[in-house]
Amino acid sequence: GFEVHKKSYIFGSPNIQTFVDVMTQQGISSIKVEDTGSGSIIHLPNDETLIQVDGDSTHIICEGDESIRVKIRDSLIKCLKRL
Amino acid sequence: LVMKGNKLQLIDPAHAFRELGLEEHHLRFTCTVSIDEEGPVTQTVDKIYQLTKSKLKNYPVQYSNDGSITVSESVLIKVSGDEESKDILVSWSYQDEELGSYLLQILRTSLTT
Chain P
3 GFEVHKKSYI FGSPNIQTFV DVMTQQGISS IKVEDTGSGS IIHLPNDETL IQVDGDSTHI
63 ICEGDESIRV KIRDSLIKCL KRL
Chain C
13 LVMKGNKLQL IDPAHAFREL GLEEHHLRFT CTVSIDEEGP VTQTVDKIYQ LTKSKLKNYP
73 VQYSNDGSIT VSESVLIKVS GDEESKDILV SWSYQDEELG SYLLQILRTS LTT
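Protein chains in written order, with the numbering used here: chain P, 3 to 85; chain C, 13 to 125.
Simulated from the structure, these hints should not be mistaken for lab results. Careful, some of the hints might be misleading.
To be verified - No more than 20 angstroms apart at the CA atoms, straight line, and that leaves these computed lysine to any residue pairs for SDA-like:
| id | chain 1 | residue 1 | chain 2 | residue 2 |
| --- | --- | --- | --- | --- |
| 1 | P | Lys73 | C | Tyr61 |
| 2 | P | Lys73 | C | Tyr114 |
| 3 | P | Lys9 | C | Phe29 |
| 4 | P | Lys9 | C | Thr44 |
| 5 | P | Lys83 | C | Pro25 |
| 6 | P | Lys9 | C | Leu22 |
So here's chain C without its partners, still in its complex pose:
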């Protein structure tokens, strides 16, 4: 909510920063969860996709053509590895901090124990 002259206006935060002559700081986190799971990478991606969808019912969870999963605006999950073990990369921006850290915790507890 920004006051312009004697009018109040509702504008998005990035726009508000620019109006105030400030640049938003873009902060991004990338964390990795390593697991010993046998089978193809696609099987692990599918498992994570189902898990994410079940935990985040009110959020858009999308499966991309390149095998990655996106959640909401900025959360990205990518799986790499071989038949024996997998690395799950979880990345998110500060604006999705609660969502990203929650998802990382879910993946750590559900897949590594």
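Just chain P, same shape as in the assembly:
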């Protein structure tokens, strides 16, 4: 069966430039950022992924590999406070 080992919580809003820099360090190439006024849409054309960041919420829409999703997740978490 399946069991959850731990739950963690994140808070705050990420700095978009820092988030992009961390993703680049993780080896993600081709990152396109579009300002939407209230937030940003980050497009990773090589990885079939779209990230919508709007203040205190982020939606990661990933059509590609699980390893890419995990890299994006960890990059974002590095830019947030964690408990």
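Following the hints, complete the assembly by docking chain C onto the known chain P.
Chain C alone, transformed into the frame defined by chain P:
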């Protein structure tokens, strides 16, 4: 667990963040699994429902009127497509990260191989 004055109090995390003047970050993932499966969409939904229930015995798995499946608090599964192929959308919040990623992996391995 939060200390207020000289008292310890057990409160939920979202409440604790607000007490500390912090806003919780809402992170959500949406991933798609594409499969070549013949038959009606409802048949695929039923198969996923049975599979999910068998793998997650300790979690509430619910079949909604709109044909989607919800698991626990935030995991949502939706199937679209035609008679030839289907797209299975799996979405979950960071608080259900272990559950969501596990379910995505189960669906990928069980339905695409």
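Quiz item: Going through the earlier hints one by one, which of them does the structure break, listed in rising order?
Solution: 1 and 4
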